[in-house]
Structure formats: structure tokens, C-alpha cells
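If you read the sequence shown in my numbering, its first letter stands for residue 42, the second for the next number, and so on.
The hints are simulated quantities; they were obtained by calculation from the structure and are not laboratory data. Please read all numbers here as calculations on a predicted model, not as lab measurements. There could be a bad hint or two in this list.
[As the list claims (entries may be wrong)] Below are the BS3-like pairs computed for lysine-lysine, each with C-alpha atoms no more than 30 Å apart in a straight line: (1) K93 <-> K287; (2) K193 <-> K248; (3) K93 <-> K173; (4) K248 <-> K157; (5) K290 <-> K173; (6) K117 <-> K176; (7) K248 <-> K99; (8) K270 <-> K157; (9) K93 <-> K193; (10) K117 <-> K157; (11) K275 <-> K248; (12) K290 <-> K275; (13) K176 <-> K93; (14) K173 <-> K157; (15) K122 <-> K176; (16) K176 <-> K157; (17) K99 <-> K117; (18) K248 <-> K122; (19) K93 <-> K117; (20) K287 <-> K248; (21) K99 <-> K157; (22) K99 <-> K173; (23) K248 <-> K270; (24) K176 <-> K287.
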Amino acid sequence: MAGAGALAAQAPSVFAASPSSQPGEADIPFQLGIASYTFREFSLEETIEMTKRLDIHKLSLKSMHMPLDSSPVEIKSMAAKVREAGIDLYGGGVIYMTSAEEVENAFAYAGNAGMKVIIGVPEHELLDLCNKKVKETGILLAIHNHGPGDTKYPTPESVYQLVRDLDPGMGLCVDIGHTTRAGQDPVEVTARFMDRVHDIHIKDEDKAEASGDTCEIGHGVIDIPGFLKMLLEKNYNKVVSFEYEKDGKDPLDGLAESVGYVRGVLSMLA
Numbered sequence: 042m043a044g045a046g047a048l049a050a051q052a053p054s055v056f057a058a059s060p061s062s063q064p065g066e067a068d069i070p071f072q073l074g075i076a077s078y079t080f081r082e083f084s085l086e087e088t089i090e091m092t093k094r095l096d097i098h099k100l101s102l103k104s105m106h107m108p109l110d111s112s113p114v115e116i117k118s119m120a121a122k123v124r125e126a127g128i129d130l131y132g133g134g135v136i137y138m139t140s141a142e143e144v145e146n147a148f149a150y151a152g153n154a155g156m157k158v159i160i161g162v163p164e165h166e167l168l169d170l171c172n173k174k175v176k177e178t179g180i181l182l183a184i185h186n187h188g189p190g191d192t193k194y195p196t197p198e199s200v201y202q203l204v205r206d207l208d209p210g211m212g213l214c215v216d217i218g219h220t221t222r223a224g225q226d227p228v229e230v231t232a233r234f235m236d237r238v239h240d241i242h243i244k245d246e247d248k249a250e251a252s253g254d255t256c257e258i259g260h261g262v263i264d265i266p267g268f269l270k271m272l273l274e275k276n277y278n279k280v281v282s283f284e285y286e287k288d289g290k291d292p293l294d295g296l297a298e299s300v301g302y303v304r305g306v307l308s309m310l311a
């Protein structure tokens, strides 16, 4: 399966086609997206163009593409650029929240942009306020795990233990790369906490150690076919976003290969 996925990644017709155009894709409940940190060296306009070239229609913007201190008018204008390109600006982040003011600003920012989810990292003492804002706004909060060295949320379980008794809109953005670097199996971990998974960052790592680095999907140690199969079995119906951290100044080739690999595997699984 992995070999066939790698071959699919080399075929432009596969990675240029949207999942909905492939045989069996109607059976796939989730959609592919891009976390714009992938394009951190590029402008918003360039980010939109590269997302379109990959025929991906979901985008989560990081602050370098839509600054957190922008005015409501500026936020709405930037969000409109994304949607006019035929892309759903479904989320924003990662957004760090270290004060009550930053929590309020994050939810106002997401509301003005029309986002459905904030991918965030709030301080633990701000979780009750975040819970209140989730209830007030209907905007989901997906707390992102950052692996070894992260003292707040190193693993998906560390998030889950803090939000499991809060509003269902308080959940996880599972970064499968950081989960792997923490020595955990992202297939098993994500399945275990699926009731609170609101977003996923998909990537591959060259080794399952704290020093692991992002690589093209299919070249690393993560069981990507097994992970995608689990998502289908669990009927995950939100977004799986590529966060390709390698080659910051020239990410498109490696990202396209990664997208092609995932689409090839999904085509076979479907």
C-alpha cells in the first residue's frame, strides 16, 4: 500500500485532482486542508495561489498571513481574499493565549474572519475562560500538542485530561508528527481521543525521537496508511491539514508529493 501511494505521489494527475474527483472519494467523510505555517516565508496571496495549485479547498491561517492585531475591517478583507479564491478559511492558528485579553482577541479575530475553529495554545489557567467563549461564540477550540519540550501540552492525552469535562467544543488539534516525536503511536492515540478531535495536522517524521524532523509524507516512520484507515473507520468528519515544515523557502515540491501520497492512499482505501 505504501509503495503504491508513493507511486501515486509522482503522478501529477493524482496530486492535482481534488479528492472528490477520485473514485470512491464520496465515501471519505473528512477534507484535506493546509496549515499556512507551511508557507511561512510567503505572502497571503502566494499562500492562496499555492493552495489552489494543489486543488485544496480548506485553509487555516497563521498570524504571519493574517496578523492577530489587524482591525476587524482588515481581517474581513483578508478572509474575503481567501474565500474569493474558492477556499474555505475554516480556522486560524496556532494562536498562543497567555492572558484573558489574548483569549478575547483570539475569539474576536476568529469571529471576524468567519472561522469555525481556533487551533490554540492557551495557558492552563485560561481554560475556563476559553470554555466560556466556546459556549458564547460556537467557535471550536482545538488545542495543539507540541511534543517533547512542550511543558503545557506535549501529547494529545495531556490536552484531553484538561478538556474532557468541559464543553464538547473544547478539544484537540492532534499533530501526528509531534505525537510521534513524543514516542507515541498517533494511530492509537488519535483513535482513543476521537470524541474531542477537532482538527489534525498531518506530516511525517524521519524518526520517532525528540530530535525527529519533518520529511515528505511516505519517507518517514509514521504509518500514514494506518492513520488514514483509522480516520475512515472512526468516521472522522472534520479537516486533516498538511503542515509541511521542511523546506520553508521552497516547500511546494515536497508538499505536493505529500499531498499526492495521501490522496493515493485514500483512493485505494476508499
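For K270 and K157, compute the direct alpha-carbon distance and say whether it is at most 30 Å. Holds, at roughly 25 Å.
Would you check the hint for K173 and K157, treating anything up to 30 Å between C-alpha atoms as holding? Given pair K173, K157 holds - Cα atoms ~16 Å apart, limit 30 Å.
Taking only the CA atoms, is the gap from K117 to K157 under or equal to 30 Å? With a Cα-Cα distance of about 14 Å, the restraint between K117 and K157 holds, given a limit of 30 Å.
Against the 30 Å threshold, does the CA-CA distance of K248 and K270 hold or violate the hint? This hinted pair holds, its Cα atoms lying about 22 Å apart.
Hey, K99 versus K117, does the alpha-carbon distance stay inside 30 Å? Distance ~17 Å between K99 and K117 Cα, so the pair holds.
Do the alpha carbons of K287 and K248 lie within 30 Å of each other, as the hint requires? Given pair K287, K248 holds - Cα atoms ~14 Å apart, limit 30 Å.
Given pair status - K248, K275, alpha carbons within 30 Å: holds (27 Å)
Is it true that the CA of K290 sits at most 30 Å from the CA of K173? violated (39 Å)
Next pair to validate is K99 with K157; report whether the Cα-Cα distance is within 30 Å. holds (11 Å)
With a cut-off of 30 Å on the C-alpha distance, tell me whether K93 and K287 pass. holds (20 Å)
Would the pair K93 and K193 pass a check requiring their Cα atoms to be no farther apart than 30 Å? violated (35 Å)
Holds or violated: K176 and K157, Cα atoms, limit 30 Å. holds (13 Å)
When each numbered hint is compared with the structure, violations occur for hints 3, 4, 5, 9, 12, 13, 18, 24.
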